[in-house]
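K.L.:
Each chain is listed here by its residues.
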Amino acid sequence: MRYILSLIVENKHGVLAKVSQVITGRGYNISTLTVGPSEKPDTSRMIITFDCDDKVISQIIKQMNKLIDVIKVFLIDEKEKVERELVLMRVHRKRENEDSLSRVIDIFKGRIVNVTPGNFVIELTGHSGKINAFIENIRPYGIQDLMRTGPLALPRYEIK
Amino acid sequence: MSKISGSQIIIEALKCEGVDTVFGYPGGAVIPLFDALYSTPEINVVLTRHEQGAVHAADGYARSTGKVGAVIVTSGPGATNTVTGLATANFDSVPIVCITGQVPTSMIGIDAFQEADVTGITNAVTKHNYLVSRIEDLAETIKNSFHIAGTGRPGPVVIDIPKDVLLGSYKFNYDGKINIRGYKPHIEGHPNQLKKVVQMLANAKKPVVIVGGGAIISDSSPEINEFIKICDVPVTATLNGLGCIEYDNPYFLGMHGMHGTIAANSAIQECDLLIALGSRFDDRATGKLSTFAPNAEIVHIDIDSASISKNVNVDVPVVGDLKVVMKQILPMLSAVKRPEWMARIAELKKKSHQMTRGKDRITSIEVFDILNKTLEEDTIIATDVGQHQMWTALYYKFKKPRTLLTSGGLGTMGFGFPAAVGAQLANMDKQVVCISGDGSFQMNIQELATAVINELPIIILIMNNGYLGMVRQWQELFNDERYSSTCLMKCRKDPSKCRGVEEECFKFIPDFVKVAEAYGAVGIRVKKTEELESAIKKALELKDKPVLIDILTDRKENVWPMVPAGASLDDMMKGGMTL
Ligand SMILES: Cc1ncc(C[n+]2csc(CCOP(=O)(O)OP(=O)(O)O)c2C)c(N)n1
Ligand SMILES: [Mg+2]
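Protein sequences appear in the order of chains A and B. Under my numbering, the first sequence has 47 at position 52, and the numbering climbs by one with no breaks. Numbering-wise, my numbering comes out as the position in the second sequence, counting from 1, plus 706.
Excised from the complex, chain B in its bound form:
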C-alpha cells in the first residue's frame, strides 16, 4: 500500500465518513490540511469569519440533519475560539468532530508560538478528545471520533493534530472494525423495566409525558406520537424537544418550565405518572425540585445513565436508545381512554397565553401570528438567547422535528445566526429563519459575510427592543427596575437616573439595516405590525442573499408566564397575561 501525507489521510477519512461540508478557518498549523482541501472537490470548505461561528455552523448543520458536523481550525487562538461552540454542542448533545491544528510534537510544552493545551482546555466541554502524536494512529482516531460523536448520547469530539503529523506520510487504512473497549452505549431497554412502565401506565389516572432533546436526536417523533395516542396521554416538551409533537396536536401542552405554558406546568404538578423521554430534568425545566411533580411516580427513558436520578429521583429508569425502546414498548401497550384527565387538560389548555396587543410598537404575539401564517411548516428556525427565544418557544407553531435550532443547555447568545448558516448549507431546499435579539445578533454579526458570500437566503429577524431584554426583565421584576448595563441605546453612568429613552439617546447602534447593506445583504426596517408581513413576503422571494429585518418591538414587553429561578412550578407569575 502506498503512503500518503497525514493531511491526505484526514481528507480520505472525511470522505469515508461522508463529510460534504467542513466549516473552518486556516492558520499556520493547518496550512498543509487546507492545502489538501484545496484539491478536494467533494468537500465544500466554508470559511466562516470566526472560529466560534464555524463550530456553531457545524452545530446547525448537525442539528438540522442528524449528521456529524465537521470543523477544522488552527492551533492556539483558533482552537481556544472554539470553546464556546463546543460547550454549546456538548450541553445539547450535538455530534461534531473538530480538528484543531497543533504545534509540531517536538515543540509541545515549550510555549511555542500559538501553542495551547487543547485537550486540557476542552476536556470539560467535549464528549471526548484526542491528541494524535503518531501518524500511525491518525486514521483510526478519526474513525473512532466520528463513531463517538454520532452514537450513544452524541457530542463533540476534538482531534488535536500536530503539524508534523500532517506532514508525515503513512499508508491509509480505514477498514478496521471499531472497537473502543471503554465505550459501549446501551441500546435496548431492559424488558423487565418496560413491563413495569406498561403496568404503571395501566394504573395511572393522570399521566403526562415529557419529550426532551433526546426525542429529536433519536428521530423518535413517529413512535412517540403513536405512543401518546395509544395511551391517551398529554405531552409537554422541553425547549429542545419542541417539534417532536405538532403544536396543534390536542395532546400537546406546549413547553414546560421557567417560561412554560400554564397548561404544561399545571399538568406536571397535577399528574400521577410522569414519563420523561430523552430529557435530563434541567433546573430551568423543573423549577424547585422538592415540589416538582409532587404526586407523580417518575419513569425516565434515556440513553445516558448519568442523567438518570441526577436531579430528580426516578422510580423506574430505562437506559437505552429512545427510538429502539419506543419500538420495544409499542407492541406491549393496550389502548386506553382517559376522558376525565383529557377534559381537565382541555380546560388547562384554554388558559392559554393570550397577550395584549401593543399600541405603539410591535409585540411578540403579533410577530409570531404573522410568522405562523407566512412560513412553511418545514422552515428551520434558529434562535439566539433571550426573550425572543422564549417567545419563539411559546408562540411559534413548530410542526416537525429538527425545525428548531436553539442553545438550550448553555444558553449561548450568538449561537443562532451561525447555526442558521450551517443549517441553510445543509438544507438548500428549505427556508431558514434566524430569530435573534439586538444583543445576541451582535455576538456573531460577522457571519453576515459568510452568508452573503455563500448566497444563503436566510431571513434574519431581529426583535429589536434596545435592551438585553431577558436580563432587563429580571431587573424589572427582582432588582427594583435598576437597569444596570442592559440598555443598548445609551448607557448612563448612573442608570438609576435614566428616565427612559430621551432625545439624546442613540436610536440605532448599530443601524442593523445599514450593517446588512454594508455586507451586501438586504436590510429592511419594520416599525409597524402592518409592515412586517410584506417585509417577510419580500424576503421569502429573494433566493440568493440574506435578508435582515430589523423589527422595532415593544421595549419593555416581558415573557409570561414566568416561574422565578428556584421557585416551584406552582408559582407562575402571569404578569400581563389576559386569561
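Next comes chain A alone, as it looks inside the complex:
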C-alpha cells in the first residue's frame, strides 16, 4: 500500500543524509522523496512516499521520530489531503499524430510548454494517479525523457 509521510525538519546541514540513511540502512525503500522550504525559514518540509505494509510504515515513523533534526512526523490521510505532482515529458513530434496528441493533452488539462521542429515538452500537474494515467496515454507517441517531482501533499485541515 502507498503511504505518504510528511516530515518537518530542521533546515540544517546533513538532515537529508540522516533521514535517508535511517531509511535505507534499515532496508526500507523510498518510492519518492520531495524536499523544499516550508512556511518557516528555519524548517523544511519533506514528503516521502513508501510502498509497504503497515508494520513497516509504523517502524519508519518511529525511526523518523527518533531523529533529533526531525521536528514533526505524520502520515497524510489519503482521504483528507490535497496532493499535487508535476511531470515534464519531452515527446516526439510527428505530423501524422499531432492532432490526436493535442487532444490527449487537452483532456488531461496538460500543457505544451516548449516546441521545436522535432519535439514537444509537455507539463501536467495533478495527483499521482492522474499523472500515471497521463503518462500511459502519452507513451504511444514516443517519450524521449520524463521527469516527475514525486507528490507534494498537505492535509486539508491543520494537524495538531
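These are computed hints drawn from the structure, not numbers from a lab. Model, not experiment: these values are computed from the prediction. All C-beta atoms, glycine included, are put in the ideal place defined by N, C-alpha and C. Treat the hints with caution; some may be incorrect.
[As the list claims (entries may be wrong)] What follows is a list of derived Cβ distance ranges for each label pair:
hint	chain 1	residue 1	chain 2	residue 2	range
1	B	ILE886	A	MET142	30 to 40 Å
2	A	ILE25	B	PRO1270	29 to 39 Å
3	A	ASN109	B	ILE886	44 to 54 Å
4	B	LYS709	A	LEU149	44 to 54 Å
5	A	GLN54	B	GLY724	33 to 43 Å
6	B	PRO1045	A	PHE69	46 to 56 Å
Given the coordinates of chain A, work out where chain B with the ligands should sit on it, guided by the hints.
P.N.:
Frame of chain A, contents of chain B with the ligands only:
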C-alpha cells in the same frame, strides 16, 4: 564579555559538564585543543594507544558510572578509527560525546590531507552528530550534545569541529536553556497503560519478567527488585541486564536466549505473561520469533518507542523512563503469591548448568568457581566477545548493577580491555577484572601501555583455548568440524588435514606472559586449576600495575546450553551438560 578561543570554549564547556577524564589521541587538527588541555588540571587526559581504545575506554567509564564519557581525536584516520567504538556504544545505549578534529572549513570538500566526511560516516553509528562550522554555535552544540547523549535512550554523539573554529575567538556563554524542538524524550508512562499492566498481572498465572540493559542504564534495580517481590514473579536478564537482580535471588533465572539457562528459556516458553523492562528483544535473546513465548501476552516498558513491536508484537506498550514508570506502578500493585508457578520455577532451576570438570586442562566452571569465591561483590567485570563472554554471563555471580561491561549488541571483540581501563580510571576504589579470550585480547592489546602508565591494577584473565573458540564451536556443531581459520596456534593450508595440536604447532603466539612483561605489567601463566586461586590472590595484592593471568583452558570446551541461530528457544542443545 571577553572573548576566548574555540579550544578554550570547549574546555570551559567540558568543565561545566563535570568532565574529569578525557580519553584521546592527538593529531594535526586538534593540536590547539590538546594545547588548551595541557593547562587544564581539572581534566585528566588519558592517552590511549589507539582511537578505538579511547572510545571503548570512555564507554567503560560511562557504563560503570552512568556519566557521559568524553573522547577527543584528530581528523581523518583518528575519526575513522572511532567508528567501531561508536557503533558498540550506540548499540548498547552508552552515553559518549566524541569530539573529532576536522580540516579548516575553507578546506572541507577539497580532499584535504586527513579530511574525512565524519558526519556522513558516523550517521549510522551515533545517536546524533554535528559539524560545527561557526564558532558562535560551539558552546550551545556541546551543551546539546551532552544532553542528547545522556538522556532518553542514551547514545554516542559526535561533534566534528574544523580547526579554524578551534582557533577562532568568541565569548563563552553556557547559561542558555536547552531547547531542542525535535528531541523530547517521553519520561512518564501513560497511566491507562499502567492500569492494564496491573490488571494483567492480577490475572496471570505464570508471569515472567525480562530485564534488559535499560534496567541498568536507568538505575531501576531497587524498584525492579521490589516489583518482583510484590508480584511474586520470576525474572530473567539479557546479557546487558545482568547485575540488576542478584544471582542468588530465588526469583532469578539467569540469562535467557541463545546461551540462556534452561530455567530462563523454559520459563519464557511456558509463561502466560511476559513483561520486558528495558530490553529490545534482540534475536540472540528471542530465538525464532514465531515460537517465542507462544502462550504469553507481552508487556513492553521502554524509553525507546522504536524498540516496541519492532521484533515481537507487543500487547501493551508503555513508553517512558523505566525508573519513573516503576515508581508509578509500584503503589498500584497489590501483593500476590503464586506458589504453583514458583514451585515449577524451582524445579526448572534445579536443571542447572553443571558442567563436567576437566581432566587435563582447566574448564570454564572451574575458573568461575574460583572467581566467585575470591572476588568482592563490587568488582567490575569487563569481557570481550566469545565463549569466555558467555561463560561469564552463565557462571559469574553478578550481584550489583553496573558490574558487567560487555558488548552485547555489536559483539565487539577487543572491547573488554580498553573498557576495563576506562572503568578502572572512574572507579579507583574498586577492583576491575577483564575476562578475555586469546583472540579478542589481541584486538586491543596495545592498551597494556595505557594501563601500565596510569598504574591501573586491572586483572586480565585470558581464557586461552588457542582458538577463536566461539566460531570453532559453530564449526564443530554445524560445519562438520571444519576448523577453517579459527585455530590460533598454527593455521594449516588445508585445515581438514589438521589432526589437532602437534609438536610443530606454535604453543604461544604470542606469549601473553612475555607481552605483559614487555609492557611493564605482571604476567602469570596458569596451567592447572590449583594454580589459579593463588595467582588471582597475588594479583589482588598488587595495587599499582596490571596483572595478566594467561589461563590455559580446555581447547575444545563448548558453551551449553545452546539454541542454534534461528531456532526456537524450545530447541536447546545441551551437549556435555550433566543434568
Ligand atoms: C571484531 C570482531 N571480529 C569477529 C568477530 C566474530 N567472533 C565472535 S566470537 C569470536 C571468537 C573469539 O575468540 P576468543 O577471543 O579467543 O574467545 P573464545 O571464544 O575462544 O572464548 C569471533 C571471531 C567478532 N565478534 N568481533
Ligand atoms: Mg579463544
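K.L.:
Now look at each hint and say whether the structure bears it out.
P.N.:
Going through the hints against the structure:
no.	hint	result
1	ILE886/B <-> MET142/A: 30 to 40 Å	holds (37 Å)
2	ILE25/A <-> PRO1270/B: 29 to 39 Å	holds (36 Å)
3	ASN109/A <-> ILE886/B: 44 to 54 Å	holds (47 Å)
4	LYS709/B <-> LEU149/A: 44 to 54 Å	holds (46 Å)
5	GLN54/A <-> GLY724/B: 33 to 43 Å	holds (36 Å)
6	PRO1045/B <-> PHE69/A: 46 to 56 Å	holds (50 Å)
Hint violations for this structure: none, all hints satisfied.
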